[in-house]
Amino acid sequence: IAGITQAPTSQILAAGRRMTLRCTQDMRHNAMYWYRQDLGLGLRLIHYSNTAGTTGKGEVPDGYSVSRANTDDFPLTLASAVPSQTSVYFCASSPTGPRTDTQYFGPGTRLTVL
Amino acid sequence: AQSVSQHNHHVILSEAASLELGCNYSYGGTVNLFWYVQYPGQHLQLLLKYFSGDPLVKGIKGFEAEFIKSKFSFNLRKPSVQWSDTAEYFCAVSGNNRLAFGKGNQVVVIP
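Chains as they are written, first to last, in this note's numbering: chain X, 68 to 181; chain R, -12 to 98.
Treat the hints as calculated values from the structure; they're not laboratory data. Quick caveat: nothing in here was measured; it's all calculated off a predicted structure. One or more of the hints may lead you astray.
Far from chain X, by Cβ distances over 10 Å, these chain R residues were calculated [claimed, not checked]: (1) Glu7; (2) Phe21; (3) Gln32; (4) Asp41; (5) Ile47; (6) Glu51; (7) Lys56; (8) Ser60; (9) Asn62; (10) Pro66; (11) Lys90.
Short, incomplete list of chain X residues facing chain R, as computed with Cβ under 8 Å [stated by the list, open to error]: (12) Gly107; (13) Gly109; (14) Phe157; (15) Thr169; (16) Gly173.
DSS-like cross-link-like pairs, simulated, lysine-lysine; straight-line CA separation at most 30 Å [what the hints assert, rightly or not]: (17) R:Lys56 - R:Lys90; (18) X:Lys124 - R:Lys36; (19) R:Lys56 - R:Lys45; (20) X:Lys124 - R:Lys90; (21) R:Lys45 - R:Lys90; (22) R:Lys36 - R:Lys56.
Backbone N, C-alpha and C fix where the C-beta goes; we use that ideal spot for every residue, glycine too.
Looking at chain X on its own, in the form it has when it is part of the complex (with noise of 0.2 Å):
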């Protein structure tokens, strides 16, 4: 069982290009999440689907759009990738809302943009 993929590991992108991050979980959790993690700040939720065909604004989600087409895929797109979007992002998947489940974390993808 793989769990949660992300892809790709790491990418370094010039400032105004468009990048999806893709994130598909096995598990066939209802809920997937996308959170940035930045030294200091911890982890902070940028968007998030309690179920597919839904999403959901979290802390953070100016200059981020994901869709959620089905239960296993939640892809986070940047429009037009700024420097201040280099961080690490997470996805993650719960069985069913954040507020009683445990969340499972994909590896990370590292994104600078320069």
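Chain X is fixed; fit chain R onto it per the hints.
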């Protein structure tokens, strides 16, 4: 919305020393509480969690945490740390349909 405070961001201690990491949260409703650990170069893993029942929770690798409702705290403890406990530790609180993380404690254990 809930918020989480972790103090003493950087902790350095020797093997066999005791570890206690503080976690305080602010939220008026019912919460569920978690501690996650991130070993160097790895993703976050669940260390332990509290939903209800006995406020003293035991997790993996000898860690435990105590929920004190009156103090809005969920402190993490380990009586005797090992070099392999070097990691970053995050407290998280779920409420209002969102999981909020603290800023983390970077713990370095010196052999």
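key: Hint numbers not upheld by this structure, sorted from lowest to highest   = 2, 3, 11
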